[in-house]
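Chemist: Take any residue in the sequence shown, count from 1 to its spot, add 210: that is its number in my numbering.
Since the hints were made in silico from the structure, they are not lab data. Please note that a few of the clues may not be correct.
Said to hold, decoys possible - Below, a list of computed lysine to aspartate or glutamate pairs in the EDC-like style, where the Cα atoms sit at most 20 Å apart:
{"hint": "1", "residue 1": "Lys397", "residue 2": "Asp426"}
{"hint": "2", "residue 1": "Lys397", "residue 2": "Glu378"}
{"hint": "3", "residue 1": "Lys397", "residue 2": "Asp282"}
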Amino acid sequence: MAPTAPPRTRAVVLHAGHRPTLCQEALRLARLLQALIPDEPEVHSLAALLEIQASRIQARTGPDGEPVLLNDQDRSRWDRILIRRGLAALERARTDHPGPYALQAEIAACHARARTPAETDWARIASRYADLARLVPSPVIELNRAVAVAQAAGPAAGLALVRALADEPALAGYHLLPSVLGDLLVKLGRPDEARAEFERAAALAGNARERALLLDRAAVCGS
Numbered sequence: 211m212a213p214t215a216p217p218r219t220r221a222v223v224l225h226a227g228h229r230p231t232l233c234q235e236a237l238r239l240a241r242l243l244q245a246l247i248p249d250e251p252e253v254h255s256l257a258a259l260l261e262i263q264a265s266r267i268q269a270r271t272g273p274d275g276e277p278v279l280l281n282d283q284d285r286s287r288w289d290r291i292l293i294r295r296g297l298a299a300l301e302r303a304r305t306d307h308p309g310p311y312a313l314q315a316e317i318a319a320c321h322a323r324a325r326t327p328a329e330t331d332w333a334r335i336a337s338r339y340a341d342l343a344r345l346v347p348s349p350v351i352e353l354n355r356a357v358a359v360a361q362a363a364g365p366a367a368g369l370a371l372v373r374a375l376a377d378e379p380a381l382a383g384y385h386l387l388p389s390v391l392g393d394l395l396v397k398l399g400r401p402d403e404a405r406a407e408f409e410r411a412a413a414l415a416g417n418a419r420e421r422a423l424l425l426d427r428a429a430v431c432g433s
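Please construct the entire structure, taking both the sequences and the accompanying hints into account.
Modeler: Here it is in structure tokens:
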């Protein structure tokens, strides 16, 4: 069984893909673990996940610090060296029984391998999220799976899964739930409903930049 990551490592993993200082610390700790426990697949999986997350950090925000959604990111700004390191670490982690870090790293790798959003293997991502949900059940994982299913099988299929999560107590104040609903409703040609969801998401958002992005999306729905 894979060892539990040290508490300090777990803490930096949560935000490593978004904050450069934490990102560097997370990478340092993961690479140290690789050296200390070279025969543990989940250690290499953790390193793979962090390398790939770190590869996108320069593309995650715009010139004024505003968040840039994954499909809108300039992929030429993704660090191909870190991606290669991540994919190599993932290869070292191969096992018949992948753990949570391995499954998350495989999802990240699907994005990293896609040179354009259209090339993303969403069916595989949805499958990996399903495996992850069985291993570590979580409403947030199910929400991510719903997004992948929507990409792979169409927005109606994703919407059904998201609607099923509407009463989850753990997601009651989670702004990404109404944000995902808004996005799917836009794709289904239901702008009035989408606008209401984006406005609800904005009210729940934790920072001003995310709130502004969501309100902009709401405004577009009303135009």
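Chemist: Within a Cα-Cα threshold of 20 Å, do lysine 397 and glutamate 378 meet the stated pairing?
Modeler: Outside the cut-off at roughly 24 Å; violated.
Chemist: Tell me if the straight-line CA distance from lysine 397 to aspartate 426 falls inside 20 Å.
Modeler: 16 Å, holds
Chemist: Below or equal to 20 Å on CA atoms is what counts here, so check lysine 397 against aspartate 282.
Modeler: Measuring from Cα to Cα gives roughly 16 Å; hence the hint holds.
The structure fails hint 2 only (numbered hints given earlier).
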